[in-house]
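Student: Sequence:
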Amino acid sequence: METPRLEKDQVLVKVEAASICGSDLHMYEGMNAYEWVPTPVILGHEFTGKVVKAENPNHEYLLDKRVIIKCGHCKNCQKGNTNLCDHGNGSMSKVAAESLRYGFRENGGMAEYAAIYYQNVLEIPDEIPSEVAGLLEAVGIGVRAIERASLLPGDTAVVIGPGPIGLSMIASLSNYGFERLIVTGLTQDEERLKLAKELGATDIVYADKENVVDAISRITDGEGVDHVFETSGFHQSLVDGVRMCSKGAEILLVGISAKDTILPTNEIVRGEITVKGVYGVTEKTLKRTISMAASGKYPYEKLVSDKFSLDNAVNGFEVGLAKEAIKVILEP
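Its first residue numbered 1, the sequence shown is counted upward by one per residue in our numbering.
Take every hint as true, because none was put in to throw you off.
Capping the alpha-carbon separation at 20 Å, the derived lysine to aspartate or glutamate pairs in EDC-like fashion look like this:
1. Lys323 to Glu190
2. Lys323 to Glu191
3. Lys297 to Glu147
4. Lys65 to Glu127
5. Lys65 to Glu112
6. Lys197 to Asp155
7. Lys14 to Glu131
8. Lys247 to Asp221
9. Lys14 to Glu123
10. Lys302 to Glu324
11. Lys50 to Glu123
12. Lys50 to Glu127
13. Lys8 to Glu55
14. Lys287 to Asp126
15. Lys302 to Glu131
16. Lys50 to Glu131
17. Lys8 to Asp64
18. Lys14 to Asp64
19. Lys302 to Glu198
20. Lys302 to Glu127
21. Lys323 to Glu301
22. Lys50 to Glu16
23. Lys65 to Glu55
24. Lys276 to Glu147
25. Lys14 to Asp311
26. Lys287 to Glu131
27. Lys307 to Glu324
28. Lys287 to Glu123
Taking CB as the label site, the calculated pair distances span:
29. Leu263 to Tyr206: 21 to 27 Å
30. His235 to Thr202: 24 to 30 Å
31. Leu321 to Asp221: 38 to 44 Å
32. Gly277 to Lys302: 24 to 30 Å
33. Ile42 to Lys8: 19 to 25 Å
34. Glu324 to Ser257: 20 to 26 Å
Derived by calculation from the structure, the hints in this document are not laboratory data. Glycine is no exception: its CB is placed at the ideal position from the N, C-alpha and C atoms.
Construct the entire structure; sequences and hints are all you get.
Tutor: So this is what it looks like as structure tokens:
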């Protein structure tokens with residue numbers, strides 16, 4: 001593949017690692033929800049690399065810097081709400097077809113080189129391995145959920161769903177001093193649930209073996225939990241999540257649902273349960289995630305289940321579709 005030609009304010013990033021995201025898998029499968037994506041296009045919005053060229057001499061200060069991708073110049077980004085970016089440089093906005101950029105409307109990072117506008121790169125330190133750096137946007141979603149929560153030492157929490165976001169959240173929560181950090185999943189998630197224990201979960205609940213609300217009640221001596229992080233987006237999980245809450249607790253909605261759902265509002269009202277939405281990452285969150293990854297205190301490297309060369313990307317996508325895979329990394 002030819003090296004991309006740079007426009008006025010772009011820099012050339014030599015890609016070190018790209019992570020396969022769920023949306024990449026959906027596009028690979030040809031889901032109708034992504035029919036607006038122009039073709040051909042190079043996928044990859046979770047990636048890292050080194051700046052090797054700047055079209056504008058004013059941006060040569062970025063040369064040899066290791067970077068990941070962000071936004072930086074739209075109205076929401078100027079306010080610090082980069083997770084609500086109007087241009088989709090870091091995450092989705094209100095309308096996907098109008099908001100997603102790299103790896104969607106423009107070529108992304110599943111290539112040897114990527115042309116990126118200089119405003120969209122964020123420097124990372126050398127202490128972070130490339131395979132971990134390629135995960136930082138996904139990890140940052142979990143960190144954003146933690147920022148949105150009102151956490152105290154000794155609290156109890158449930159993470160619903162042991163997918164990449166749920167597992168990264170457990171890794172990030174492992175140092176918060178929870179009395180109980182519970183994760184729910186299915187029998188088919190066995191390997192992921194084992195990893196959840198390695199990452200810091202205290203208890204595992206199999207939703208296809210027992211009533212999850214009853215199980216949470218049993219584990220917490222009938223109290224329920226202080227925080228529920230719902231990462232699956234499934235209707236029943238959302239309803240169960242509310243019913244896992246203790247009085248005055250909070251549920252954070254992280255997963256995207258296929259369609260709108262109805263929550264048990266009377267239980268929310270009578271229990272004074274707080275419902276919070278969590279979407280994408282802010283630049284502040286991303287910088288915090290970078291610091292956490294650089295500290296070496298969080299086992300994010302365990303989230304990488306498989307690595308493939310770019311030439312073998314098809315096999316990487318096929319593995320990514322398997323339930324056993326967590327995060328698959330492509331390396332040029």
